Amino acid sequence: MTPFAYERASDASAAVARVAAQPNAVFLGGGTNLVDHMRLGVANPELLVDVTRLPLSRIESLPDGRVRVGAAVRNSDFAADRVVRERYPVLSQALLAGASGQLRNLATTAGNLLQRTRCAYFQDVTTPCNKRNPGSGCSAIQGHNRDHAILGASEHCVAVHPSDMAVALAALDATVVVLGQQGERSIPIADFHRLPGDTPERDTVLEHGELVVAVELPALPVAAHSAYYKVRDRASYAFALVSVAAALDVFDGRVSDVRIAFGGIAHKPWRALRAEATLRGAAATEQSFDRAADAELNEARPLQHNAFKIPLARNTLRMVLRHLTAGARR
Amino acid sequence: MNASITLKVDGEQRSLSVDTRTTLLDALREHLGVTSAKKGCDHGQCGACTVLLDGRRVTTCLSLAVAYDGATLTTAQGLAKGGRLHAVQQAFLHQDALQCGYCTPGQICSAVGMLEEAKAGHPSFVTAGLTAPHELSDEEIRERMSGNLCRCGAYVNIVAAIREVIGKRTGP
Numbered sequence: 001m002t003p004f005a006y007e008r009a010s011d012a013s014a015a016v017a018r019v020a021a022q023p024n025a026v027f028l029g030g031g032t033n034l035v036d037h038m039r040l041g042v043a044n045p046e047l048l049v050d051v052t053r054l055p056l057s058r059i060e061s062l063p064d065g066r067v068r069v070g071a072a073v074r075n076s077d078f079a080a081d082r083v084v085r086e087r088y089p090v091l092s093q094a095l096l097a098g099a100s101g102q103l104r105n106l107a108t109t110a111g112n113l114l115q116r117t118r119c120a121y122f123q124d125v126t127t128p129c130n131k132r133n134p135g136s137g138c139s140a141i142q143g144h145n146r147d148h149a150i151l152g153a154s155e156h157c158v159a160v161h162p163s164d165m166a167v168a169l170a171a172l173d174a175t176v177v178v179l180g181q182q183g184e185r186s187i188p189i190a191d192f193h194r195l196p197g198d199t200p201e202r203d204t205v206l207e208h209g210e211l212v213v214a215v216e217l218p219a220l221p222v223a224a225h226s227a228y229y230k231v232r233d234r235a236s237y238a239f240a241l242v243s244v245a246a247a248l249d250v251f252d253g254r255v256s257d258v259r260i261a262f263g264g265i266a267h268k269p270w271r272a273l274r275a276e277a278t279l280r281g282a283a284a285t286e287q288s289f290d291r292a293a294d295a296e297l298n299e300a301r302p303l304q305h306n307a308f309k310i311p312l313a314r315n316t317l318r319m320v321l322r323h324l325t326a327g328a329r330r
Numbered sequence: 001m002n003a004s005i006t007l008k009v010d011g012e013q014r015s016l017s018v019d020t021r022t023t024l025l026d027a028l029r030e031h032l033g034v035t036s037a038k039k040g041c042d043h044g045q046c047g048a049c050t051v052l053l054d055g056r057r058v059t060t061c062l063s064l065a066v067a068y069d070g071a072t073l074t075t076a077q078g079l080a081k082g083g084r085l086h087a088v089q090q091a092f093l094h095q096d097a098l099q100c101g102y103c104t105p106g107q108i109c110s111a112v113g114m115l116e117e118a119k120a121g122h123p124s125f126v127t128a129g130l131t132a133p134h135e136l137s138d139e140e141i142r143e144r145m146s147g148n149l150c151r152c153g154a155y156v157n158i159v160a161a162i163r164e165v166i167g168k169r170t171g172p
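Taken in order, these protein sequences are the chains called A and B.
Number 30 in the working numbering belongs to position 30 of the first sequence; there are no gaps in the numbering.
Number 23 in the working numbering belongs to position 23 of the second sequence; there are no gaps in the numbering.
Bound conformation, chain A alone:
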């Protein structure tokens, strides 16, 4: 680990100014990904500005029905929150599907959003990686790419985003609230993470020095009938091969409202708008679910070792929709 200075922020605006003024400064949250990267040599910041003691640890129900979740809320507290459990079960489940109990007690809302890919080449500084070292090449395209993307990848990067929470947020149309030197701005979750294109080193649209201060959940009735399914190599404590966050309302045998996002298959949480459009108004049947999966996945471009993710994504989507149909309001 290279030496660095440490400062504890007492004020969010001051923290933003401090990091913005220094090119190699970063914010420190729970540290469960950043400190690992510093040890691996993936990240070498010169200044850490600790934002964990800022007053950003509240979950508030807003008068207009939205819920505002502070950036420093620990993942375990977020998942256990009664309002979140009742109104957005997909989100509680996604949070609980991530990491382990002792890591969720450290990891924060903002840190979860900003965690970086677990691509083995990204984390191994001895190998080329365009995300870590732009222009050096992608080792995964011709290498071990079983865990990698089938949608939205580029010739420069085929990594996937590792978060479960962000997949649920994508399905829920959440908003990320960000504080910069010019004040606050709100970014729809769909626009927050990027596809790799020719700049895979940028995971999100955040500018240097911008601080995530909250995530806002919309008042979304369909979210009360939602679930998160995650397929992984072991039953618990592993990253997703494929995951599905979905919310579904069925009325009179037909889909009246639906939200779907996939995890583990793209550089960002993959909101399945094509699948949703296919389903809206359609009969809530296995045939409709298959058509929806095809509508989303027929543009999938698998790599040498991950073609299995296409049927896995289709089957996982069908399973969660079947489950939600069985439990949905009639």
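Bear in mind the hints are in silico, worked out from the structure with no lab data behind them.
All values derive from a computational prediction rather than experimental measurement.
The beta carbon of each residue, even a glycine, is placed where N, CA and C say it ideally should be.
Hints should not be assumed to be uniformly reliable.
[Said to hold, decoys possible] Listed next, with one range per pair, are the computed distances between beta-carbon atoms:
no.	chain 1	residue 1	chain 2	residue 2	range
1	A	Ser256	B	Leu85	54 to 64 Å
2	B	Asp96	A	Gln181	30 to 40 Å
3	A	Arg234	B	Ala80	27 to 37 Å
4	B	Gly167	A	Pro55	34 to 44 Å
5	A	Ser13	B	Gly167	48 to 58 Å
6	B	His31	A	Asn44	18 to 28 Å
7	A	Arg53	B	Thr35	27 to 37 Å
8	A	Ala326	B	Glu135	18 to 28 Å
Given the coordinates of chain A, assemble chain B onto it according to the supplied hints.
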């Protein structure tokens, strides 16, 4: 770059000077001689370094000590009070829940923290309907303890030990 911090470790107030790069785990082991927190993977993947931070279970290998100035930590060795083992420690012995023992202090701290979470009504990924179960099933125990790996594979008896603690709390 150095920083002076204080930590309350297993009931004792300790002051120390650490390089900012020092993790909480290395501060405990190398600076304070508290070796019951173990270094396994040093990447947050095995749970051997688990301790209780203000009563909540956390890994310590990915936490920078400087960020925890003023914190209260309890390690496995601090769980025993006045020569009496904690109920979870006693159950691990009774159920033979270990072989080599290296992961055991982390397992025990994790189990203590996990039982508190369950008591507070926290759901897990396998909790149906996200409503807290009255009693933890083996499936619940396994899911909630999945952050602690045991390379000897003592899992069956670890689950039995935790089940024994739960049974003594709620049973006749």
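Checked hints:
Under the hint 54 to 64 Å, the C-beta atoms of serine 256 (chain A) and leucine 85 (chain B), about 58 Å apart, fit the expected range. At roughly 60 Å, the beta-carbon separation of aspartate 96 (chain B) and glutamine 181 (chain A) lies outside the given 30 to 40 Å, and the hint is violated. A hinted range of 27 to 37 Å for the beta carbons of arginine 234 (chain A) and alanine 80 (chain B) is consistent with their spacing of about 33 Å. Our hint of 34 to 44 Å for glycine 167 (chain B) and proline 55 (chain A) holds, since their Cβ atoms are close to 42 Å apart.
Between serine 13 (chain A) and glycine 167 (chain B), the C-beta spacing of about 53 Å keeps the proposed range 48 to 58 Å intact. Checked against the hint of 18 to 28 Å, the C-beta distance between histidine 31 (chain B) and asparagine 44 (chain A) comes to roughly 24 Å, which is consistent with it. Between arginine 53 (chain A) and threonine 35 (chain B) the beta carbon distance is about 29 Å. The supplied range of 27 to 37 Å therefore holds. Distance hint for alanine 326 (chain A) and glutamate 135 (chain B): a CB-CB separation of about 26 Å, consistent with the stated range 18 to 28 Å.
Hint check: a violation occurs at hint 2 only; the rest are consistent with the structure.
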